[in-house]
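Trainee: Sequence:
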Amino acid sequence: MRGDLADRLRQLAFRFPVEERRTLDEFLPAPCNEAALALVLAWPAWPAHVAVVSGPEGSGKSHLLRIFQQIADAPLWSGPELARDRPPWERIGPQGAVAVDDADRTRDPEALLQLVNAVRERDGRLLLAGRTPAARWELGPPDLRSRLRAAHHVAIDPPDLALLEALLVKRARDRGLDLPPAVVRYLVARAERSFAAPGRLVEALDELSLASGRKVGMEIARLALERAGAGATGEAER
Numbered sequence: 001m002r003g004d005l006a007d008r009l010r011q012l013a014f015r016f017p018v019e020e021r022r023t024l025d026e027f028l029p030a031p032c033n034e035a036a037l038a039l040v041l042a043w044p045a046w047p048a049h050v051a052v053v054s055g056p057e058g059s060g061k062s063h064l065l066r067i068f069q070q071i072a073d074a075p076l077w078s079g080p081e082l083a084r085d086r087p088p089w090e091r092i093g094p095q096g097a098v099a100v101d102d103a104d105r106t107r108d109p110e111a112l113l114q115l116v117n118a119v120r121e122r123d124g125r126l127l128l129a130g131r132t133p134a135a136r137w138e139l140g141p142p143d144l145r146s147r148l149r150a151a152h153h154v155a156i157d158p159p160d161l162a163l164l165e166a167l168l169v170k171r172a173r174d175r176g177l178d179l180p181p182a183v184v185r186y187l188v189a190r191a192e193r194s195f196a197a198p199g200r201l202v203e204a205l206d207e208l209s210l211a212s213g214r215k216v217g218m219e220i221a222r223l224a225l226e227r228a229g230a231g232a233t234g235e236a237e238r
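Each residue of the sequence shown is one higher than the one before, starting from 1 at the first, in my numbering.
Simulated from the structure, these hints should not be mistaken for lab results. Hints are supplied without guarantee of correctness; some may be wrong.
[Unchecked claim] Here are the in silico distance ranges between beta carbons for each label pair:
hint, residue 1, residue 2, range
1, Pro94, Ala135, 26 to 36 Å
2, Asp178, Ser146, 47 to 57 Å
3, Leu161, Arg105, 45 to 55 Å
4, Pro75, Pro181, 12 to 22 Å
5, Arg173, Pro94, 33 to 43 Å
6, Gly217, Pro29, 25 to 35 Å
7, Glu81, Pro31, 30 to 40 Å
8, Arg131, Lys170, 18 to 28 Å
Cβ coordinates follow ideal geometry from the N, Cα and C atoms, glycine included.
Based on the provided sequences and hints, a complete structural model is requested.
Mentor: The following block contains the structure:
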């Protein structure tokens with residue numbers, strides 16, 4: 001059966017697009033992200049004009065920026081696309097708020113510096129997100145590095161098991177998959193302990209389920225662990 005299922009997966013010719021809902025109601029609060037969520041909800045009562053949220057792939061940084069965008073009427077920009085193609089104050093929202101995702105990947109540091117200065121001059125608030133703390137961003141010029149060191153920084157910590165289970169269920173629900181509780185426990189006990197693991201697992205589960213025409217069960221879950229590279233390390237090693 002296992003070989004037949006793998007063969008049917010190879011015949012899968014399409015995948016459905018997935019639209020993830022990024023609202024406050026859809027955010028999954030947990031001890032690892034409570035400080036970052038509290039920062040966003042405390043706007044505009046921040047200890048500095050610029051705040052930075054850092055965390056690894058899949059940790060919810062972009063989701064938090066979407067929430068900030070909604071509650072602060074803040075334009076949301078992408079770091080790699082940020083450029084000096086317009087005056088920086090035109091990027092700031094009507095309430096003095098603005099956000100930049102993937103700020104650590106900014107290709108034009110001068111554009112980011114201009115935005116930081118414009119926010120400070122207008123007593124506004126700028127929320128940045130990156131994979132690592134701002135002190136580790138390799139961005140010039142020196143004035144920008146100084147501004148970033150002075151920013152208020154909040155890190156998203158590694159997820160606990162409860163959050164990993166919740167993320168797995170949410171990612172599956174976004175794809176229209178219903179995971180039995182036993183399957184959720186089985187996967188989380190054996191998967192990599194990272195924010196990215198639930199997304200990779202659900203993608204594999206979805207593909208396997210579509211290819212086989214079957215609901216997700218233990219057989220598909222075992223194959224998904226292998227396909228997602230999650231390890232199947234076993235509970236004894238945890």
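Trainee: Which hints from the list above does the structure break, by number from lowest to highest?
Mentor: Those not satisfied are hints 3 and 4.
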